[in-house]
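If you're matching positions, the sequence shown starts at 1 in the UniProt record's numbering and goes up one per residue.
Okay, the calculated beta carbon distance ranges per label pair:
(1) L290 <-> C11: 54 to 60 Å
(2) P34 <-> Y58: 20 to 26 Å
(3) R112 <-> G37: 49 to 55 Å
(4) S279 <-> A363: 46 to 52 Å
(5) S271 <-> Q66: 52 to 58 Å
(6) G175 <-> Q339: 17 to 23 Å
(7) V240 <-> P302: 33 to 39 Å
(8) T188 <-> Q339: 40 to 46 Å
(9) D22 <-> N198: 55 to 61 Å
Source of the hints: derived by calculation from the structure; they are not laboratory data. We put the CB at the ideal spot given by N, CA and C, even for glycine.
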Amino acid sequence: MQKVAVEQCSCPPGYIGTSCEDCAPGYERSGHGPYLGTCVPIQQRAPQCTGPGVSSPYPGHDGRCQCKTYAQGANCDQCPANSFHMSPSNPQGCIPCFCSGVTQVCQSSSYRRQSVEINYPRGDRDQLSLTTSDIRQPYQPPTPAYVSGRAIEFVNFNEANGQVLYWKLPAKFLGNKVTAYGGTMRYTFRFSGEGRSNQDPDVIIRGNDISLQYTHREPFNPDRENTVELAFFEDKWQRVDGQQGTREHLLMALADLDDILIKATYMDECSQSSLISVSLEFAEPHGTGLSAYEVEQCQCPPGYIGTSCEDCAPGYSRSGGGLYLGLCERCECHGHASQCDKEYGFCVDCQHNTEGDQCERGAADCYLDAQGQVACRNCPAGLSGRLCDE
1 MQKVAVEQCS CPPGYIGTSC EDCAPGYERS GHGPYLGTCV PIQQRAPQCT GPGVSSPYPG
61 HDGRCQCKTY AQGANCDQCP ANSFHMSPSN PQGCIPCFCS GVTQVCQSSS YRRQSVEINY
121 PRGDRDQLSL TTSDIRQPYQ PPTPAYVSGR AIEFVNFNEA NGQVLYWKLP AKFLGNKVTA
181 YGGTMRYTFR FSGEGRSNQD PDVIIRGNDI SLQYTHREPF NPDRENTVEL AFFEDKWQRV
241 DGQQGTREHL LMALADLDDI LIKATYMDEC SQSSLISVSL EFAEPHGTGL SAYEVEQCQC
301 PPGYIGTSCE DCAPGYSRSG GGLYLGLCER CECHGHASQC DKEYGFCVDC QHNTEGDQCE
361 RGAADCYLDA QGQVACRNCP AGLSGRLCDE
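Model the full structure from these sequences, guided by the hints.
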């Protein structure tokens, strides 16, 4: 039998095999170079996908860049339809339009950030209160907190009977704060006490029958100032059942905030708690801060207003149907009023001597005839005409 000669090469670093035909562990084929291609260290391979919406700097098996959920294009640098504001820090790439479910056309707003802050010298101490997180029967201690130096302070924790207390922020932090999306709430506090730290949420927000909560991951330190910076993105918030909050939930809550609660009780035996400062960023047309690119500006259909179409336009009121916040439907005032209550639909300031929730009946000595027109009788002295207005 004739022997077959097989070469045994002395391979340079990065190659293995009798003919150096394979890449050594830690190396991979680059696709360039003679014959089979050059073997290069994996960690030194130059990124080929550099767009802000890529999920990996390297192409997939098909040679294409791998895009995040809301990113598209050869280099993952474009927002798909019905989304806006590409950002490398966004795990989804772009932000999907919410628009209260009444349209899917939106873009980044031209608004700029502004902030609302606690100011004790101007009287905010009178509007801050302590309460529990119980929605139906919140408990408030009989002894109020007091301002000490530059903070508001509470020491009578024995009155709480073991319940966890929260600072309830004043009205200027509440209402429509839908443009707080993408902004930051910062607060600084101090506490003292003994025992174990409780596991209750650190911040609770409520609005439109939605409750979301934030729990800080790292423990706080007693007897020193602690500062929290909390971004209004959905991945920072959880529902009360522990599920991850969604963009829809967060925007619906922000559209009509009823409560913002900041924890005051941090330990089993808390002896003192003080809230030193609180600020909340939102956005408005004439703000002076950074551009609020994360705030959507929707192209609202007739009957809707607001950056997210979250409010009914004048002459419209909320109905119970539709997605999310409900539909806005034109008010029925029989042509005798141009305004109505946005939430309940009753007409405001009925004209032409009419009255009623829908301006449906005549006022005083007036009535509606068969054609729905107002006619008056017994006009006051000096007046005449169908409406006693001549």
